[in-house]
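Q: Please work from the sequences and hints to get the whole structure.
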Amino acid sequence: MTQEKTDWQQSHRLNQAGSEKTVQISLLEARKWALKELTAAGLDADEASDNVDFLLTGALKVNYGMLRANLTRQMHPWLAKRWPTWIAQLLKGVPAQYVLGQAPFYGREFVVDDRVLIPRPETELLVDWVLSDLKAKGEQAPTILDVGTGSGAIILTLAQELPDARGIGLDISLDALAVAKKNRHQFELANRVGLMQSDLFTAVADQRFDVIVSNPPYIRPDGQEEMDKSVVAFEPDLALYAPNGGKALYERMAHGLEKQLTPGGVAYFEIGYDQGEALTKVFQDQLPTATVTLKQDLAGLDRMIRVQLKK
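Following this note's numbering, the numbering of the sequence shown begins with 1 at its first residue and continues without gaps.
These aren't lab readings, by the way, just hints derived from the structure by calculation. Treat each hint with caution, since some may be false.
[To be verified] List of simulated lysine-lysine pairs, BS3-like, C-alpha gap at most 30 angstroms: (1) K182 to K61; (2) K182 to K135; (3) K281 to K310; (4) K229 to K259; (5) K281 to K295; (6) K137 to K281; (7) K247 to K181; (8) K32 to K61; (9) K135 to K259; (10) K229 to K61; (11) K81 to K135; (12) K311 to K137; (13) K281 to K311; (14) K247 to K281; (15) K137 to K81; (16) K92 to K81; (17) K259 to K295; (18) K137 to K32; (19) K259 to K310; (20) K229 to K32; (21) K229 to K247.
As the structure is a computational prediction, the values presented were derived from the model and not from experiment.
A: And the structure:
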């Protein structure tokens, strides 16, 4: 028996069930125990609280208000059995989303593990931009390409928000595609969303799309000092870093956009907060007749670029 499980059982009432001992504990007590363990290890109290509540609400499939209203209830044995292991993972710095095995994105829960990047709220803004533009143009059945799909969060969200749309998600990583396929299966989208291994546009070189969207690796290889330690330690390097100051994949995609988009097609990219000016120039130089638009996130930082081809 691991030390954390021994400590967990010694700290709380035990219930003898056949030959097995299970912990009897309320959600409130389990939460307090977890917070004590995490803060004793030096974790910020607010961060510890956020992580613990994320695990509890996700595991129990309730919102925060429902959790608070039911904290005096007994923790279910299946969760009590896992709880010390989950907290031990948090103590090692593992992101809570990987511990739980899921992450929220655009109001839905996506399967995630350390084979894919954890979906971020900033990327929801990219999806918002795509949907807003399509709605304004009255396009209800676009063809969409997601380059570097990872967990599939972008393409699968767009497919659910646009019931008549069809699309393809590409990724160079077979491991990432395995996760994306799990998400495609849970959302029952295999009939409208294809998933393929590809180095950028290679696998679809002979196809054109109305919309291309991408959240590619854009962190420069020496940029780790600006990153959260858990991202550096646990999220996949292949999804984070790119050569040439993080611009390499944008430069490659800029060369192929005109061949991959339909006339008047649009491409949307998430970018690093300090890359707006440089990447605007990359796309303008490669596509001088296109309209390139830079958009900021909620913090006022450059976060997205739209490239609109002429019809």
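Q: Decide, hint by hint, whether the structure agrees.
A: Going down the list of hints, with the structure as the test:
1. Distance hint between K182 and K61 is fulfilled; the C-alpha atoms sit about 19 angstroms from each other, no more than 30 angstroms.
2. Restraint check: the Cα-Cα separation between K182 and K135 comes to about 29 angstroms, which is no more than 30 angstroms; the hinted pair holds.
3. The straight-line distance between the Cα atoms of K281 and K310 is roughly 18 angstroms, inside the 30 angstroms bound, and the hint therefore holds.
4. For a cut-off of 30 angstroms, the pair hint linking K229 to K259 is broken: about 39 angstroms separates their Cα positions.
5. Proximity of K281 to K295 is assessed by CA-CA distance (about 15 angstroms); at most 30 angstroms being required, the pair is judged to hold.
6. Pair hint K137 plus K281 holds up; C-alpha atoms about 27 angstroms apart against a cutoff of 30 angstroms.
7. Proximity of K247 to K181 is assessed by CA-CA distance (about 28 angstroms); at most 30 angstroms being required, the pair is judged to hold.
8. For a cut-off of 30 angstroms, the pair hint linking K32 to K61 stands: about 20 angstroms separates their Cα positions.
9. Annotation: proposed proximity of K135 to K259 holds, straight-line Cα distance about 25 angstroms (limit 30 angstroms).
10. Distance hint between K229 and K61 is fulfilled; the C-alpha atoms sit about 28 angstroms from each other, no more than 30 angstroms.
11. Among the hinted pairs, K81 with K135 is inconsistent with the structure: their alpha-carbon atoms are about 47 angstroms apart, more than 30 angstroms.
12. This hinted pair checks out: K311 and K137 have alpha carbons roughly 14 angstroms apart, not beyond 30 angstroms.
13. Taken as a hint, the K281 and K311 pair is honoured in the structure, with Cα atoms around 21 angstroms apart against an allowance of 30 angstroms.
14. The hinted pair formed by K247 and K281 meets the criterion: a straight-line CA distance of about 11 angstroms does not exceed 30 angstroms.
15. A threshold of 30 angstroms between alpha carbons decides the hint, and for K137 with K81 the separation of about 52 angstroms lies outside it, so the pair is violated.
16. Distance hint between K92 and K81 is fulfilled; the C-alpha atoms sit about 19 angstroms from each other, no more than 30 angstroms.
17. For a cut-off of 30 angstroms, the pair hint linking K259 to K295 stands: about 24 angstroms separates their Cα positions.
18. Of the supplied pair hints, the one linking K137 and K32 is violated, its CA atoms being roughly 52 angstroms apart against a limit of 30 angstroms.
19. For the hint pairing K259 with K310, the CA-to-CA distance comes to about 13 angstroms; that is within 30 angstroms, so the pair holds.
20. A threshold of 30 angstroms between alpha carbons decides the hint, and for K229 with K32 the separation of about 25 angstroms falls inside it, so the pair holds.
21. A hinted pair counts as satisfied when its Cα atoms are at most 30 angstroms apart, and K229 with K247 qualifies at roughly 23 angstroms.
Against the hints set out earlier in the document, violations occur for numbers 4, 11, 15, 18.
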